[in-house]
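Visitor: Each chain is listed here by its residues.
There are 2 protein chains.
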Amino acid sequence: MREVYISGAAMTPFARHTRSIQDLVQEAVLGAVRNAEIKLSDIQAMYSANVFGGMILGQVLVRDLGITGPALYNVENACASGATAVHLARMALQLGKYDTVVVWGVEMLSQLGGGTIPLQRNDYKTELYAAQGLTLPSVYAMRATRYLHERNLPRSVLAEIAVKNRAAGSRNPYAQQRKEVTVEEVLASRQVAEPLTLLQCCPSVVDGAACVVLTTRKPTNSAKPVRILGSAVQSGHQELGCGDILDGEITARTARLAYEEAGVDPSEVDVVELHDAFTIAELIYYEALGLCAPGESASLLQSGATSLGGRVPVNPSGGLLAKGHPLGATGVAQMVEIVWQLRGQAEGRQAEGARVGVTQCTGGGIAGVDHAASSVHVLAV
Amino acid sequence: MREVYISGAAMTPFARHTRSIQDLVQEAVLGAVRNAEIKLSDIQAMYSANVFGGMILGQVLVRDLGITGPALYNVENACASGATAVHLARMALQLGKYDTVVVWGVEMLSQLGGGTIPLQRNDYKTELYAAQGLTLPSVYAMRATRYLHERNLPRSVLAEIAVKNRAAGSRNPYAQQRKEVTVEEVLASRQVAEPLTLLQCCPSVVDGAACVVLTTRKPTNSAKPVRILGSAVQSGHQELGCGDILDGEITARTARLAYEEAGVDPSEVDVVELHDAFTIAELIYYEALGLCAPGESASLLQSGATSLGGRVPVNPSGGLLAKGHPLGATGVAQMVEIVWQLRGQAEGRQAEGARVGVTQCTGGGIAGVDHAASSVHVLAV
Chain A
1 MREVYISGAA MTPFARHTRS IQDLVQEAVL GAVRNAEIKL SDIQAMYSAN VFGGMILGQV
61 LVRDLGITGP ALYNVENACA SGATAVHLAR MALQLGKYDT VVVWGVEMLS QLGGGTIPLQ
121 RNDYKTELYA AQGLTLPSVY AMRATRYLHE RNLPRSVLAE IAVKNRAAGS RNPYAQQRKE
181 VTVEEVLASR QVAEPLTLLQ CCPSVVDGAA CVVLTTRKPT NSAKPVRILG SAVQSGHQEL
241 GCGDILDGEI TARTARLAYE EAGVDPSEVD VVELHDAFTI AELIYYEALG LCAPGESASL
301 LQSGATSLGG RVPVNPSGGL LAKGHPLGAT GVAQMVEIVW QLRGQAEGRQ AEGARVGVTQ
361 CTGGGIAGVD HAASSVHVLA V
Chain B
1 MREVYISGAA MTPFARHTRS IQDLVQEAVL GAVRNAEIKL SDIQAMYSAN VFGGMILGQV
61 LVRDLGITGP ALYNVENACA SGATAVHLAR MALQLGKYDT VVVWGVEMLS QLGGGTIPLQ
121 RNDYKTELYA AQGLTLPSVY AMRATRYLHE RNLPRSVLAE IAVKNRAAGS RNPYAQQRKE
181 VTVEEVLASR QVAEPLTLLQ CCPSVVDGAA CVVLTTRKPT NSAKPVRILG SAVQSGHQEL
241 GCGDILDGEI TARTARLAYE EAGVDPSEVD VVELHDAFTI AELIYYEALG LCAPGESASL
301 LQSGATSLGG RVPVNPSGGL LAKGHPLGAT GVAQMVEIVW QLRGQAEGRQ AEGARVGVTQ
361 CTGGGIAGVD HAASSVHVLA V
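Here the protein sequences line up with chains A and B, keeping their order.
For the first sequence, position 188 (counting from the first letter as 1) is numbered 188 according to the numbering used here, and the numbering increases by one without interruption.
For the second sequence, position 371 (counting from the first letter as 1) is numbered 371 according to the numbering used here, and the numbering increases by one without interruption.
Just chain A, with the same shape it has in the complex:
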């Protein structure tokens, strides 16, 4: 099967932008194409990931670049949209259908009025849950409460995730939030859903775009060639109330598939970008991704292993908590960060000598345990 490389990577800063969504995507696409040292005319297909932009958005986004002839696929999978688009693109490359494609993710959330991410339409259950207060923050809050109770831990352990990721984000010019915070500040910030305070929830009033060039031609540009060794997408099937809310089952299942395809053991992973939409999520995903044994996530965090300079830095970009979470863009932006890390280009926040990186997104319905989409990728130099 053909090897698939990421030969170009670029993103816009994540911020409240006053530019158009077209501008954001074009900056990311042109940046990735330039980074890959290819021409726009080398692009054989395009994959556009977005959640809220409307019909046939991808074609509208790149029309003014004059590259709208090739096949374009508009892909949506909630928080995993961008990663799903990469997954689909990789399959077409492995098949030999194309040899060079671009994948971008984009979202303009500042135009949606802010607040909690709008819930999906057409779903009586989501409406029913929401009417009872079961929004995403409150479900993650229940997971956090259960986590602290089961493991007899203080709230500060949650806050430490925010402190770690904001510290990393302060070194990332692409992050929306670039100010370091302390445990005290995190705990003292406004309560969103007890025990989750404002600084424990990712910013969702944010815009941005990210793009990668995927190719089966061994890249000839000067950067180290990054390969996609494993790529898995799975969906969720767990009903709320039918299982353990601390169980990251979907994520663990997806990760197993990705590691298996990559032939990589979790112990070999050097750097991770994971889906820290809320502080508690990062702790749950440490275990789901096999970065530590079940029950050991707080110890892993407190050992410093997942901080910059640690054994396996997690969210060196600042993660969703610092960078912000423009849904469709997030999965691709995670890969951009890992590409930079594996190439040794993550100035000021570099995981030294990193050779294997992982990205993970899990999103969708009620806290990603019901009608959810999950994606895990394993990248390597």
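Because the hints were derived from the structure by calculation, they are not lab data.
Heads up, some of the hints might be wrong.
Here are the computed lysine-lysine pairs in the DSS-like style, where the Cα-Cα straight-line distance is at most 25 Å [stated by the list, open to error]:
(1) Lys224/A <-> Lys39/A
(2) Lys39/A <-> Lys97/A
(3) Lys39/A <-> Lys179/A
(4) Lys97/B <-> Lys179/B
(5) Lys218/B <-> Lys97/A
(6) Lys39/B <-> Lys97/A
(7) Lys218/B <-> Lys218/A
(8) Lys179/A <-> Lys97/A
(9) Lys39/B <-> Lys97/B
As the structure is a prediction and not an experimental result, all values here were calculated from the model.
Put chain B on the given structure of chain A with help from the hints.
Guide: Then chain B, alone, in the frame of chain A:
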């Protein structure tokens, strides 16, 4: 490369439904699974095509069927959404990633308030055009006016398309419009955009779902195995005003790719489902699909070759004009009809002895000439 079969096909009637969107999809999925004589647990991945249903819709649609564990891809490409989903699914099957998947398309347009299909958001050009009255019906009306002028033809030739397709639709229990009409009735119906009258525009206040099972295992059920020989998706790049509005360039380009892959000459095609959103579209697509020489579409129609019982029946289902056009569902429903035709199961509207069938969708921005998506599939027994 692995052969890909359509082993199961089913759809709901296209109608204004009072049932939920979940109900429609589940009827189509269960019907296709039953038709393929497989079990729900045989499904390894799902492709969900939809335009207006919102975030992570596919997962919500099948949650209650209990098959939400496997990968699910939400795909959108305007009118070509369903066909694009089939195209992506086929690539994964050819690669050997899966051996059995389902692809469905669904749309609930009756909940959107009716009228012209809502325009895409985030596009200043579409807004600019719309403000000048350049909606889809008016652009197709310009194409119709030009067509009649260039070729010195009477308006009745447009009406004959509606008469032909409504006659076919009257034999299709899945069509929304099942009453035959005459040329006089078509011409006397309310003017929408001169020269296009109401009966020359496809109904867009309509709901429906369609599903196919794709597999690389040679089907063992009793129906004739239908193969997908060619599948192409392309995008549009033609600016309004930069070319001939009668030129179906995107469609012709897509068709060439699909025929080439299939190793099929247009003269070998026995039956066609094409994108007759307006009567003029069918005439343009006759030429773009190579069913006749350039300039010969009216003669082809008037020879009776494209009517039921003719050499190459076009839109034996009634097409969009009779069946209605629930966007996300249309591309998959076209394939369901061609599967029935190739199996000899299109009772009352059968293209006798058909062995090669074609489906075509072209949609998106301004009449499918700008920021558009186009898809052509070649199927055979």
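Visitor: Given the hinted pair Lys218/B and Lys218/A, is their Cα-Cα distance within 25 Å?
Guide: Violated - the C-alpha atoms of Lys218/A and Lys218/B are around 36 Å apart, more than 25 Å.
Visitor: Is the Cα-Cα distance between Lys39/A and Lys179/A 25 Å or less?
Guide: Violated, at about 38 Å.
Visitor: For the pair supplied as a hint, Lys39/A and Lys97/A, is the alpha-carbon distance within the 25 Å limit?
Guide: At roughly 19 Å apart (the allowed maximum being 25 Å), Lys97/A and Lys39/A satisfy the hint.
Visitor: Are the Cα atoms of Lys97/B and Lys179/B separated by 25 Å or less?
Guide: violated (45 Å)
Visitor: Assess, step by step, whether the Cα of Lys218/B is no farther than 25 Å from the Cα of Lys97/A, and give holds or violated.
Guide: holds (23 Å)
Visitor: Below or equal to 25 Å on CA atoms is what counts here, so check Lys39/B against Lys97/A.
Guide: violated (30 Å)
Visitor: Would the pair Lys224/A and Lys39/A pass a check requiring their Cα atoms to be no farther apart than 25 Å?
Guide: holds (19 Å)
Visitor: Going straight from one Cα to the other, do Lys39/B and Lys97/B come out at no more than 25 Å?
Guide: holds (19 Å)
Visitor: What's the verdict on Lys179/A and Lys97/A, does the C-alpha distance respect the 25 Å limit or exceed it?
Guide: violated (45 Å)
Comparing the model with each numbered hint stated earlier shows that hints 3, 4, 6, 7 and 8 do not hold.
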